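J.: Listed below, chain by chain, are the residues.
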Amino acid sequence: MRRIIAIALNTYREAVRNRIFYLLVGFGFFFALSSRFISMVTVGDQARVLKDVGLGAIHFFSITLVIFTGINLIYQEIERRTLFNILSKPVSRSEFILGKFFGLALTAGLSLLAMAGVFLLFLTITTGRVETPLLLSFLLLYEELLIITALALLFSSFTTPILSFLFTVSLTLIGRVLWTYNEFRPLLRTPLVRGLCRAIYLLLPNLDKFNIQDAVVVGRPLSTPTVLLAMGYGAVYIIALLTLTLFLFRRRQF
Amino acid sequence: MWGDRDVLTLRNVCKSFRSDFLRRQIPVLKGITMTVGRGEIYGFLGVNGAGKTTTIKCILGLLTPDRGSIEMEGRPLDRQSRQRIGFLPENPYFYDYLSAREYLALVGALFSLPSRETACRTGELLAQVGLPEVGSLKLRKFSKGMTQRLGLAAALLGDPDLLILDEPFSGLDPIGRKEIRDLLLACRERGKTIFFSSHILQDMELMVDRIGIVHGGQTTREGKLADLISHSVQAIQIVFTGIPPDRIAEVAPGALERDEARELTVDDEAQLAEVLPRIMAAGGQIRSITPLKRTLEEIFLREVKA
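First to last, the protein sequences are chains A and B.
Take the first sequence: its letter number 248 is residue 248 in my numbering, and every next letter is one higher.
My numbering runs 1000 ahead of the 1-based position in the second sequence.
Next comes chain A alone, as it looks inside the complex:
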């Protein structure tokens, strides 16, 4: 366990000592806070626009941070041969992968905490109300970030950063629109196509399960089973991705 923690803390340290980290978190702050200005020049419910733009900005920059950091996580270790220094010690490959995952999870968590904290404070001062439902939105966003972290880690373990970027971004985007499958399902005619589409639907990450932004912004109540189901789905998906990454990484020759 100590070795996993050591690798995780080192991964976190690497991320926060990188200028891109501050750039992305800084942009997150900037756009989240600029929602005030946007709400002022928009017709309609200003508080709603404020939340919508702020959440959107935090969402976008958190995901960007996780993808840009995640796609290099393992590839860079191999390219720079720092991996040899780690795996030549009494460290198993599983410990290395888990350390990397938890390190990026920590980075994503702390940066999200910082952006969300500042935004909630700003929102409370601006609207005069404490917006507790937003906390649930940030919690589910964090789980979505963990899935994207695990995806980036998986691709980074066997391919180049460019391909990892393309795969991770593609799956993230597909995951956001995967719900449309239920819309066009009646149009699928043959059992083969229906089965194939169903398999793809079940296999790909359904990130829309974590998107409760609309409900939170308009104040629509969320059912506890929906939230728990999303969290359970996320946990299972992360474990499956990490298992696959470990399987592939154990077979790699350096």
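For the record, the hints were derived by calculation from the structure and aren't laboratory data.
Note that the structure is a prediction, hence the values are computed from the model and not measured.
Quick reminder that beta carbons are idealized off the backbone N, C-alpha and C, glycines included.
One or more hints might be untrue.
As the list claims (entries may be wrong) - Only part of the chain B face toward chain A is listed, based on derived beta-carbon distances under 7 Å:
| no. | residue |
| --- | --- |
| 1 | Cys1014 |
| 2 | Leu1060 |
| 3 | Leu1062 |
| 4 | Leu1063 |
| 5 | Arg1067 |
| 6 | Arg1082 |
| 7 | Gln1083 |
| 8 | Pro1089 |
| 9 | Tyr1093 |
| 10 | Tyr1095 |
| 11 | Ser1099 |
| 12 | Ala1109 |
Following the hints, complete the assembly by docking chain B onto the known chain A.
T.: Leaving out everything else, chain B in the frame of chain A:
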């Protein structure tokens, strides 16, 4: 055959890689066999591309051999074995956003050393490798030689029984080489076993107890350095005085004039036994008898060209 004193044994280790496009198998190691005894310095000598680094990667579990076995003290190498191994890679590169102390703290944690012990050993080791005042300097500011020294400190941090060093003198200036050599000799004095690869013969001649020559992915020769050299007597040189010039052709044909003496080179001990009494009977005085041995360089070149 593999006695208790053997720390590391490799038997017929083979490894091939697939080429990128045609997926053809390219053999890199074709049979590495060697034995590293406890407390000795073992030199693994070979030209660039001979298979030295690939062998080391197999020992450390970074590569899985296709065939053959690798054992530490008679047991297959595993994660527990690596607790007792210190490793310095060739041209090491460390996390450049860390300071030397932070890096060694990470290494200490990977070896599950208590933090206090790591902190204590860090100071000692940085001083030993000649980096006493750069503990808080970021590694991106380190020169190649400093990085090499830090790598050695990291290899020693876990107080390993076996040190595996891949080209440890690379990037060091002559003074640095001497310091590291002395440090490694001191490690041997403390009972450590050292296995190091190099293509620099001088390092080998000055340090090693035993040597393994690798060429084309195979161990072509292995043995004690002293034995390899003593078994390679090429000729015997006799230096003598006191024989008048007109008798040289009769007593010691072929002797050359060297300063005020004569020098005769014979092929072997039989010829020596024949020539020596003749010189002495003619009133000559023997100044020296020197076996002319092959240098390690000559032995190595012979193996490589064979």
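J.: State for each hint whether it applies.
T.: These are the hints, each one checked on the structure:
1. Cys1014: Check failed: Cβ of Cys1014 (chain B) comes no nearer than 14 Å to chain A, outside 7 Å.
2. Leu1060: holds (4 Å)
3. Leu1062: holds (4 Å)
4. Leu1063: Holds. Min distance 5 Å.
5. Arg1067: This interface hint is violated because 15 Å lies over the 7 Å limit.
6. Arg1082: holds (4 Å)
7. Gln1083: holds (4 Å)
8. Pro1089: This hint holds: Pro1089 (chain B) lies near chain A, its Cβ roughly 5 Å from the closest one there, short of 7 Å.
9. Tyr1093: It holds, given that the least Cβ distance between Tyr1093 (chain B) and chain A is near 5 Å, below 7 Å.
10. Tyr1095: The hint holds - Tyr1095 (chain B) has a Cβ within 7 Å of chain A, the shortest such distance being about 6 Å.
11. Ser1099: Constraint on Ser1099 (chain B) not satisfied, violated at 11 Å.
12. Ala1109: Status holds, d = 4 Å.
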